[in-house]
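Undergrad: Residue numbers (my numbering), protein chains in the order written: chain A, 1 to 168; chain B, 1001 to 1339; chain C, 2001 to 2120; chain D, 3001 to 3578.
If you're looking for bench data, these hints aren't it; they were derived computationally from the structure.
Virtual Cβ for every residue (Gly too), placed ideally from N, Cα, C.
This list has only true hints and no planted wrong ones.
Now the in silico label distances, taken between C-beta atoms and shown as ranges:
#1 C/Val2068 with B/Ala1016: 33 to 43 Å
#2 C/Glu2037 with A/His162: 24 to 34 Å
#3 B/Ile1189 with C/Ile2058: 38 to 48 Å
#4 B/Val1038 with D/Glu3453: 30 to 40 Å
So you can see what is in the structure, the chains are spelled out below.
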Amino acid sequence: MAIDKLTGENSTLFIRSEQLFDVARRKSLWYMGFGIACCAIEGLMHASGPRYDFDRMGVFFRASPRQSDVMIVAGTVNWKMAPVVKRLYDEMPEPKFVVAMGACASTGGPFREYPNVVMGVDKVVPVDVYIPGCPPRPEAVQYGFIRLMDKIKAQTEERLAHARSDSH
Amino acid sequence: MNIWLIAILRFLAALALMLVNGVVLIYMLRKVLGRLHVRLGPMDNGPWGLLQTPFDVLKLLSKEDPTPKAVDKALFWLAPAVVFVPSLMAYIALPFSNTWTIANLPLGLLFIFAVMSIIPLGILMAGWASNNKWSLLGAMRAVGAQVTYEVPMLMAALPVVMMAGSLNLGDIVNAQSGTVLWVIPNWYIWNVPAFILFFISGLIETGQTPFDMAEAESELVAGFATEYSSMRFGLLFLSEFSNTFIFAALLVTLFFGGWQLPWVPASALSAIGFLPPVLFVVKTYIVIFFLMVIRGTLPRVRVDQMLALGWKFLLPSSLAWLMVTGVLIKVSQVLAVGR
Amino acid sequence: MGIDGIVIVCFVVLGAVFVAATFATSWLVSPKKPSPEKAETYECGVEPVGPVWVQFRIGYYVYALLFVIFDIEAVFLYPWAIAFGRPGVGWYIFVEMFVFITILVGGLAYAWKEGALKWR
Amino acid sequence: MHTPDPTAISGALDAIGVSAGVEEVAKLGVVCRVAPADSRSTLRAFKEGDLAFGFLVDLFGVDTGEAVDVVYHLRSFSRDEDVYVKVEHEYGANLESMWDIYPAGLMPERELAEMFGLTLSGHPNPRRLLTTDGCPPFLLKGSEIRAEDEVRHRERQVVAPENLERTVSSLEPEQSPHAAPAKMPLQEGIAAPSAVQPVDLPAGLHRAPTGVDELQTERLILSMGPQHPSTHGVLRINLEIDGEEVIGSECHIGYLHRGIEKLAETRRFTALGPLMDRGDYLASMHAELATSLATEQLLEVEVPRRANWLRVLMGELNRISSHIVWYGPNGLDAGSMGPFLYVFRDREYMLDILEDITGGRMMFNYMRPGGVLRDITPEADGKIRKFLKFFNQHIDENDEILMGNEIFQARMKDLGVFSKEGALAFGLTGGNLRASGFDFDVRRDQPYAAYPEMDFEVPVSTDGDAYARCRVRLDEMRQSARMIQQCIDGLPEGDFTAKVAKVLRPPAGETYAAVESPRGELGVHLVADGSDSPYRMRYRPPTLFALQAGEQALPGTLIADSVVLMGSLDFVLGEIDR
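When you get a sec, could you build the whole thing from the sequences and use the hints?
TA: As structure tokens, this is what we get:
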């Protein structure tokens, strides 16, 4: 943030604005639906469907990585897909998070013996939240998002505390 | 007070109105679409999700703004301004009440159309500068659509101008006061073909479904705004909603009697200072509600079908209706003189 | 110049200032981690092939030409429309514009027959 | 499905001077072994001769230890007979492409060459289909899968940066995408695509709309890539466009290749079901049913009547839920969000029913060799009756909202028209084939489970465009609802599964079982060698044939059309990439 260079790490302006933007980042997570396999039907379509409505939580579908904060990897990542995942992750603007949805994205799932499958998407991109299940229920996906929000909150507080402790 | 100070205060008022409009309309869209689709829409953030859009705007403000390297930097940065400022300037001529207008331009209607035709220029800049095939196609489509429907929109507004006899929006609103045959309010909506032509070309001009060509999510990823992120995308998103507000306000002014209630005399209304602007905005939101219902149900028209509709149906029929209105006005004048 | 001119100038200048202010706050507040991969153009996750700035299809420019013609026609029609309702104006005002419009509709018919309106 | 008599076939083959070993294999049918040299003349005799085996059901390979058996599974609809032509190739031999006789083999041949290490000649687009350049031929017995401890210690696998680069380079091997064979006239019957060299662009410039011919505008090469809101999964279509019109198109698949067929060779027979669920993840009941039928044919187990009725009930429930996931996104591709959410409300209710009975929402593992997992519970029965009550009214509502909408009709009518001959030549089955006027349904023509006791019509339409495909699938949903009603009312007594051994070791043999999945004829060709896991399992993906037919129909449409056209073909990438 340019503001911390101008007004110093522990100025109240910087800390207060960081806390405010942290709340905003948590409350409006726009996800780039990256439906690869069966998890896409359960996690993206049903989760934003009538019964488990993602829109309630402010989670909204954006098609382009430039406008999204969370990348949901829903499905198996194999060798041909790995560079695409890496490239899309790189093209996302900065405060970005990755949710590995389903056993395939977390550890390769039922297909991990096959040499063509990458055992878990965390080999390609840093992952924030793993959602187990094959496919996980829509409630599990929404619980994963709630845990992601808690993680963002914890990260910001830890970063600010770190900044405050430096100054003393 | 100094004249410049008044102008700056009026600008701040218009800016505040536009930002509030943007925030309220985005929230309203997500709620209306939600209820239309058997789901709730934003609920968790704030009571009934009211704080959802402020959070979205704050988040967009605090996101990184990567500028792709293959981009034409000058145009890439300028395009959001060229799209945002015209849709802000169109607020100048809107008649909130016969005294509350930002600038009582004698050619109000023509000014709004002129300003609204700068926006396709900004969209083309955005699409071409971001050096991305998807945004290029989105921009070409959006410009093709808005260029094609600028003309029928102008032609469809002509019958209203002929009936009102002036281009000043305040005069048009005053011309619609009173009642005909004691019961029917003397609004120009009864000139129904003009209303239909104006409504269709306005829908396309502001990129509403079934004609949302510019950012057809299912075909062109995110249309011309594919490479834009954080606040630049925020401005494009905001100006799209303020275009909708302006189009609905024009519709209300030209056909639904501006800030007037049907059977209440205009003088009684303008006696209470703040009532007319509130009425005007409420009527505009009712029209926007219907636009959103259309957005939630109808599928998208293909590009060439829409352009064929524009050039081959709307333009000839709006010219023909122009002639018919002329004859009707002449005949009514002769009868009035005769009696 | 009157209040109207000043207001319009104010809107243009202050509008641009507002846009610049928004970009400034965004620059102030947003984190920055530029990286070569982030700067690559997005094309559905794959390396874009071939140039983007090509000589685009000719059909699009024909529409722009037709638009200019009919926009000018609209500009001529507006003063006529204002003067139309005035009392004491006979039928000749009607006949004049009728001739003007039929000439232009003739131009549209020619463009239609020639296939300029076909999008493909 | 009666078997052809071997004498007629050997007679016809001798007539053209081909020495073929024609034999009758138990549980499979007539197999005709031919040397690679005269495979082309044999196939031509089978197709054009009086034998008239005009339909290529499937084309796959079997690694028999010392050579690769290339199997052409042919079918003659007029005589309702199947025949298998087996051609033996050494490892690394050259496979001659037969696409001018059977264009349905365009993509299966590429996959066969890539998975068995053969080289492909005479094919318009001989590139790899499913895997990236550096991968070994996976389906050969020689190439193993990951060892137990390597899988257990996941952290050992490190993705070296060059691995990412390596695959990147192979993604874009060429400058301009090879255009698919010149636009095959699917409308007026089958004329085989002309042998266009991959690099060559299709001939002929489109006349500029204003008659200004010499102004040649450049073309864009656009990749409607793996991550696109409406490619129904990870399919990448390389489009060459002039303005908005698609000139050339090529489908890249393999982004979801998980090796279901290779892993099946290490699984027990009862464990094939969960593996097949993940193939066509929208119609997993039908995939499980296909493997169970194949295993039962090998074991010669007699399935009790109640189990058959339960299989039909669950199959039809799954058919409706699968058609719903086609109907919703198809409306979304055309731009209308409403129907997508209305139909998903019904699907939520159906998943509750499926969850009550089988325990899972999408992956059921309910159909087992010998019968089904669990009997139907009374409250599930009540739920189904309640569902049927409001489902018929909802279907008519949704039919009228989307299909009755003029804008949707204007978008879908005469788009991607497949004539009957074109559809048959490209191996289309199921709704796509019935929409082009050819009335073939595995449930009625090759009955399995309890379908003979059901009365249902098979909707057929003749004009073969995208709208006809939508109309056929919607009527299929109504027929499924009717069948569910019949199943619920007339469910016979009896136990729901036959007594089957814990570990199944079917006798050595080979069989083919086909099922009418919502996307077409889903077949399983099972080769058993007596051990407790299959020697080779071939999974016939009906949507692979739909995809290659779609690839042919794309040139000439606009981009907005191509999205809706591919949507109307209803393919699932999990099944195409296997």
